[in-house]
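Trainee: Residue numbers (my numbering), protein chains in the order written: chain B, 1 to 1005; chain R, 10001 to 10099; chain V, 20001 to 20189; chain D, 30001 to 30416.
Hints may be right or wrong, so weigh each one.
Derived SDA-like pairs (lysine to any residue); straight-line CA-CA distance at most 25 Å [stated by the list, open to error]:
{"id": "1", "chain 1": "D", "residue 1": "K30003", "chain 2": "B", "residue 2": "W886"}
{"id": "2", "chain 1": "B", "residue 1": "K892", "chain 2": "R", "residue 2": "K10047"}
{"id": "3", "chain 1": "D", "residue 1": "K30268", "chain 2": "B", "residue 2": "D109"}
{"id": "4", "chain 1": "B", "residue 1": "K698", "chain 2": "B", "residue 2": "W886"}
{"id": "5", "chain 1": "B", "residue 1": "K490", "chain 2": "V", "residue 2": "K20149"}
{"id": "6", "chain 1": "B", "residue 1": "K400", "chain 2": "B", "residue 2": "R543"}
{"id": "7", "chain 1": "B", "residue 1": "K890", "chain 2": "R", "residue 2": "A10032"}
{"id": "8", "chain 1": "D", "residue 1": "K30053", "chain 2": "B", "residue 2": "W132"}
{"id": "9", "chain 1": "D", "residue 1": "K30154", "chain 2": "B", "residue 2": "M651"}
{"id": "10", "chain 1": "D", "residue 1": "K30268", "chain 2": "B", "residue 2": "G115"}
{"id": "11", "chain 1": "D", "residue 1": "K30164", "chain 2": "B", "residue 2": "N628"}
{"id": "12", "chain 1": "R", "residue 1": "K10093", "chain 2": "B", "residue 2": "T485"}
{"id": "13", "chain 1": "R", "residue 1": "K10047", "chain 2": "R", "residue 2": "D10036"}
It is worth saying that the hints were derived from the structure and are not from the lab.
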Amino acid sequence: MTQHFRTASGGRIDRKKAINFTFNGQKYIGYEGDTLASALLANGVHLLGRSFKYHRPRGIVAAGAEEPNSMVQLGEGATTEPNIRATQISLYEGLTARSVNVWPTVEFDISAINGLFAKIMTAGFYNKTFMWPRAMWMKLYEPVIRRAAGWGKAPTTGDPDIYDHMHLHVEVMVVGGGPAGLMAALAAGRARARVLLVDEQGEFGGSLLSKKRQIGAKDEMAWIADMLAELEAMPDVTLLSRSTAFGYYDHNYLCVLEQKTDHLPAAERKGKVRQRVWHVRAGQVVLATGAHERPLVFADNDRPGIMLASSVQTYVNRYGVLPGKKMVLFTNNDAAYETAIDLQAAGGDIVAIVDSRAEPSGELVEAVRALDIEILAGYAITGTRGGKRVESVQVRAIQKGAKVYTSAARRIDCDLVAMSGGWSPVVHLFSQSQGQLEYDEEKACFLPGTKRQAQQVAGALAGEFTLKECLAGGYKAGADAARATGFTPKRKPAAPEIDEPALGGIEPFWVVPGARPIGEGMAKHFVDLQNDTTAADIELAVREGFESVEHIKRYTLTGFGTDQGKTSNINALAILSGILDKPIPKVGTTTFRPPYTPVSYGALAGRNLGDWSDPVRVTSIHDWHVENGALFENVGQWKRPWYFPKTGETMQDALNRECLAVRNGVGVLDASTLGKIDIRGPDAAEFLNRIYTNAWAKLGIRRVRYGLMCHEDGMVFDDGTTARLAEDRFLMTTTTGGAAGVLDWLEEYLQTEWPELRVYCTSVTEQWAAVSITGPTAGALLKKLAPEMDLSPESFPFLSFKEGVVAGIDARIFRISFTGELTYEINVPWACGLALWEAVMAAGAEFDITPYGTESMHILRAEKGFIIVGQETDGTTTPQDLGMDWIVSKKKPDFIGKRSYNRSDTARADRKQLVGLLTEAPDEVLPEGAQLVFDANAPKPMPMMGHVTSSYYSATLGRSIALALVKGGHEKKGQKIFAPLLDRTVTAEIVDPVFYDKEGERLNG
Amino acid sequence: MLNIDCPWCGKRHETEFRYGGEAHIARPEDPAALDDTEWAEFLFMRKNTKGYFAERWLHNNGCRRWFNVIRNTVTHEIVGSYKMGETPPKLPKSAGGAK
Amino acid sequence: MADNASWITPAAAIAESFPDGFSELRPCAQVNLRGDIADLAFTDAVKSVTGLTLPDMPNKVATGKDFKALWLSPDEWLLVGEGDAEALVQSLEDALAGQHVAVNDVSANRTIFELSGPHSHHALMKSSEYDFHPRVFAPGDCVQTLIAKSQAIVEQVGENMFHIYVRSSFSRYVGGWLAEALAEYNEAP
Amino acid sequence: MVKYSILTIARNALTGHKNWPKQWRSPEPKSEYDVIIIGGGGHGLATAYYLAKEHGVRNIAVLEKGWLGGGNTARNTTIVRSNYLWDESAAIYEKSLQLWEGLAQDINYNVMLSQRGVLNLAHSLGDVREGVRRVNANRLNDVDAEWLDADGVKEFCPIINISKSARHPVLGATLQRRGGVARHDSVAWGYARAADALGVDIIQNCEVTGIKRDGGKVTGVETTRGDIAAKKIGVVAAGHSSVIAEMAGIRLPVTSHPLQALVSEPIKPVIDCVVMSGAVHVYVSQSDKGELVMGAGIDSFNSYAQRGSFHVIEHQLGACLELFPIFSRVRMMRTWGGIVDTCPDASPILSGTSVEGLYFNCGWGTGGFKATPGSGWCFAHTLAKDEPHALNAPFSLSRFESGALIDEHGAAGVAH
């Protein structure tokens, strides 16, 4: 039995279930039901870590989420986690943890030497120094600062655990499973509303888990059990424990982190979801988030063994642990007296109660007096001693208003200081929901004021600090929430008799002076324990002209730690109010931002990792491509074959082979990814006239035309061919990546600008798989597949389509060409795509048919000078820039983009225009993205004339080719232009962008 | 995550929608008749209201209808939504709406 | 067409990985229909061909003898059935001749998954932000929403039974996603 | 102005730090100034500082409706770089970067500029093309830029995942070694202190409620602390630019959107450079305190709420873990949002208006922080001379009429 500080009995731990764990390499035993913090305290371990700046020894202060100090590195290897608060770690068999940011050990930490420099490491220290010499900042100063940065360590490998998300809609969501939250859930549940109740702890009950209370005929534990039994029996009530509502967003949308396996031994976690983020949309939200106790700010208030009074009570009552055996209680209110009573009952010794109030009174004060405990009324702790554990405190009589106390000092030995500076309601979620906070002078805390969302507040959050108020307030909040969402609450149950002490008042006491003014001497009055911010730092900030609370926080780093200032924000604000001599509400408060407590990135990402992070779209022929060795390119969300290398081929070998096959025989491309939109209605042609830059009214039925689409600013944004299926019906194709955007664009104009046009658009992208066969022998191949079809140019001219049976499948065949060769694009129902492809491959074997991918497609079209939207265009390119004036109607009175061509810049003659480039050295392939200049020797910044948009080695032409956008390029053909690269300058000649078959003679095979 | 009321489908999460910017900017009947300043006004100049703002949304993962919403750009409160061509809902009294 | 030998459903290659309660349906006829619901000539013609009164209530399904009609938008429905899509398209075109409508055979455009069993709601809650709770969504309802990051139509066809229509190119993504969503419930206890 | 140095700190330590002077005064507004700057963020304070320092204008007021540096200066991801695509952008951002490089010494305030290198990742062949294009343009514009292939990326940032099977694999990256991060608050405070020392009145909690005009000229402002006269007004109000413009009766081509960011809990250093990926919206660096500082994508809708939608952040973290699998168990500690004013071409406006004496500096979108010194420097010139400097002449309002946009979306659409 090593747990010397375990009480003889009591607590909600299971003493029959011993749990082995390791902290800083030392083995310990705790019990099921413990947290790591309670188990360490049971073993007498108070020193858990060091502070950030001065590396002062630090211990456990609190018992929950508000804990500022006791962060540990939990676990090892791939599942290690930095910065987890020991107070929030449920103990499990085999747990290992270490102190963070200490070297070599927490007992002997080299960086504690920082304490010697404390006098210069004040707020703003970094702003004022490390500037000379300038070069040393990056070389020396910053590297040293960075070495000291951070608490724990990230794992060095990926995360083996599973995370996911759930979406839930409820009428009433209750946050906080304490007495108020339980009552709220009950009221709403009885009204038959769908209810979600969440609580961050492993057990529901909240503050009742730490206190002994008689509620009617039941003790607190029986009461909680009965409440849960009733709630669990309701089919539409969801109870989530170990679940923290961490963010409250617009329109009553809340996010909850459920820690499903973090309390389990490693063996029991396997294969289970570790953490789940619940996304909840609630009709009404009941916030019953409770309150956090505030520390008192006195000299050297940071030593291990100085804890929040209510947390001491929690350790005693809930965990059966004595955090110390000789306790001094320092308080400004009498709620904290209960801690003294409970500790004494559990076998601890109360050395003294130091009460800053001159005349404490009330039921609890009387009860303590009856126990013969010394009460030093009107006294304060003005100093502490101890190394790794508090050993004694110095107390003095308070001299009201004095900045320095001259009253006699008395030293009291102790091993535990419990402190209570009053209570701060946990307003974080309320504030996140845009609620306004109001300061309550009498209760000395901020309370929820004006709300902005559909919500109720209850319990300690609402300033209801007695159990009786909590139960009544909770029920009312739940009933109101149910009513507001259309349900009829049941009659309110009769209020039970509750045995609880009546409370006296609180007299705020924000910072305790000592024998010397604050900031002088070695003593430090810590406000933010994690960031080592002291009252003197706040004074200094004000002295230097920082007055806004936001400035103070940022200059001193108050509230910027992993606890986000849960125990420090209000104290800092109050101290600032004292210095500025302005009332607290006038000083303001800060905005609380999500998350309430930290949330792992893994949980936030959920399952949206890898291929789930962005849908992968595949065609019906995809598996064939995979099996035949294709490498793939991402195009939008699609996977498209990039090229099909054969064994031993380089990429360029493969491309040469693919391109030559198309030019000399036949190639085949999976073109299924192009967007397809059926456009139908009496005004369809008129609609296309307005959408495209060219004219559509006269396009014959069964004919196809190429079109460019521009935005209103005149810049090209999509292109494709559109076929006229009937007088009133067209089939439009779009670029692979542009399909969804184009459909939205069409609908936008139809619905918002031209509702008078009678046109329907239907997306049929995945109705049709498309297999494009291209090359001189494409006709012979198609003839084989569709022997019945008349393929003569007269019957089936370029830019037309036919319907027929290809390889036994009903198909629509388009004669369009992106390669310049005779091309048939065969469309069949999506699910027949693979069958068609395989038939084409089989029939094509005798023609040595060659599948090719997007890269060869790009080369082939570049040889023909065809553009690719997004490559030759970048949102600043007009059709005229592309040399495509021929496609811009001069006759149509209006179309989208037309007006913008008259603007002075858009009409400029020296805009960047599409040209071809031929390098002087035929084997030299310019890098795409190379910038072009006319004077390669000009000093930098060099006047740039344009850039290379596409560049390839063309096996067809036996040399390199490139497309480029060049200022005034259309008029500069024949001129030399230079591409200054990192290691050399390439010379090229500006030429026409059509490199191959300028007359288009090959289109008919 | 805004909860947006599609006039047809009811309240849906923001992820089902696409934003369409300021509402009630009609494309000019005859763009050619506008000078460059007027055309730039249509193309680029926006109210960017702080407060209650009429804006367009597209229910692009649902019924694919465009519609208008009155939303407060400070609080994100949505007063109501209405179909293209319909009259906007009245603002709440607190926002200076008609009594 | 459903009996077309060349027809290979998009998710067939991953069907083996599907757990109990999740499968891809065999192909059926799907026809996208657009027209003016307020026009009696339109609704009468559709009724004469299909026997269906098209739902004018958003997100409702009307069920007839051979086909059902899913509301997709105020002027758009998806007709789904075991019959012959081409024949349906043809008879609709004939009956609607001269009217401003759009009729498209989209049988291949979407694939249909069936999700059923006690954990179907959980799988949906993991995949969609829409509220599928029985108080809100019941047999006869359909909804267009997102399943994970893919557009989808979800139709409730019975208690704890849903049909999920997704664009064919997304079918592997959605199929794989939903199969994985169900995995935790298919572990041996 | 007391000179800040380690010696001054040591000397003040001896007197318990009781003798530090205020970093800036809290003056009452005068009835008239030569120039009024509306907006006490980094850009506004820099404008005031350079007006006083470079142009000798001393009778200047900076009016701030809240606390100085409380807008986007306090709410960004602190990235500094100048590797923009277009000549016009590269020139003004490079001017800014050069000012950054001497800023701590110039204003005697350590802004903690850390030039640890900025990677802009390419995930598709299109990204690669545009990255190479930008590197080439930068090089010829004398802006340092390098292209790294995937292995080069891995060498520069060892924790990054360059697996080819990633959903959006890393195919390469541009690198600007002179890019990095700076301490955001310090920039505002440093400029404020330096401007104050030159006589600039920085007036906080002073909200402008109206712009006073006499015909086509400005004559002053109405504020919550009374009317103040001035013949020149420079508006540097970021997300609130349209609100001020409306007071003056003009419209701007800007819309305001939330831009969210987040930090993790502090962890020991794991990443020693800035990694940006416009394609998947990941912008990450590690602060000198150990926090991973990350920017998210912009929310699509108009907003003045300093608050965006959470799914934007969740989406970003999915992409982030793909790039940095070791971050999975690191925890998000704080999120926040700023209001960014975006232009149709993703480039700023530093320009006069149709109202004489009224100037706007706005539209920086998601990229304003890095521009702070250069923006202030150019805007000061514009206010002092009543005409733009060559560096900001292209960023005029008139470009929206002529069509001479500087579109930084398409090619170098990497924001932040």
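Trainee: A separate judgement is required for each hint: does it hold in the structure or not?
Mentor: Structure-based check of each hint:
For the hint pairing D:K30003 with B:W886, the CA-to-CA distance comes to about 68 Å; that exceeds 25 Å, so the pair is violated. As the CA atoms of B:K892 and R:K10047 are separated by approximately 32 Å, the hinted pair breaks the 25 Å bound. For the hint pairing D:K30268 with B:D109, the CA-to-CA distance comes to about 16 Å; that is within 25 Å, so the pair holds. The straight-line distance between the Cα atoms of B:K698 and B:W886 is roughly 16 Å, inside the 25 Å bound, and the hint therefore holds.
For the given pair, B:K490 sits about 42 Å from V:K20149 by alpha-carbon distance, which is inconsistent with the 25 Å threshold. Proposed proximity of B:K400 and B:R543 is supported: the alpha carbons are some 24 Å apart, at most 25 Å. Proposed proximity of B:K890 and R:A10032 is supported: the alpha carbons are some 13 Å apart, at most 25 Å. At roughly 22 Å between alpha-carbon atoms, D:K30053 and B:W132 fall within 25 Å of each other, so this suggested pair holds.
For the proposed pair D:K30154 and B:M651, the alpha carbon gap of about 23 Å is at most 25 Å, so the pair holds. With a C-alpha separation of about 21 Å, the suggested pair D:K30268 and B:G115 falls inside the 25 Å cut-off, and the hint holds. Proximity of D:K30164 to B:N628 is assessed by CA-CA distance (about 19 Å); at most 25 Å being required, the pair is judged to hold. Between the alpha carbons of R:K10093 and B:T485 the distance comes to roughly 23 Å, so the proposed pair stays at or under 25 Å and holds.
Distance hint between R:K10047 and R:D10036 is fulfilled; the C-alpha atoms sit about 19 Å from each other, no more than 25 Å.
Comparing the model with each earlier hint shows violations of hints 1, 2, 5; every other hint is respected.
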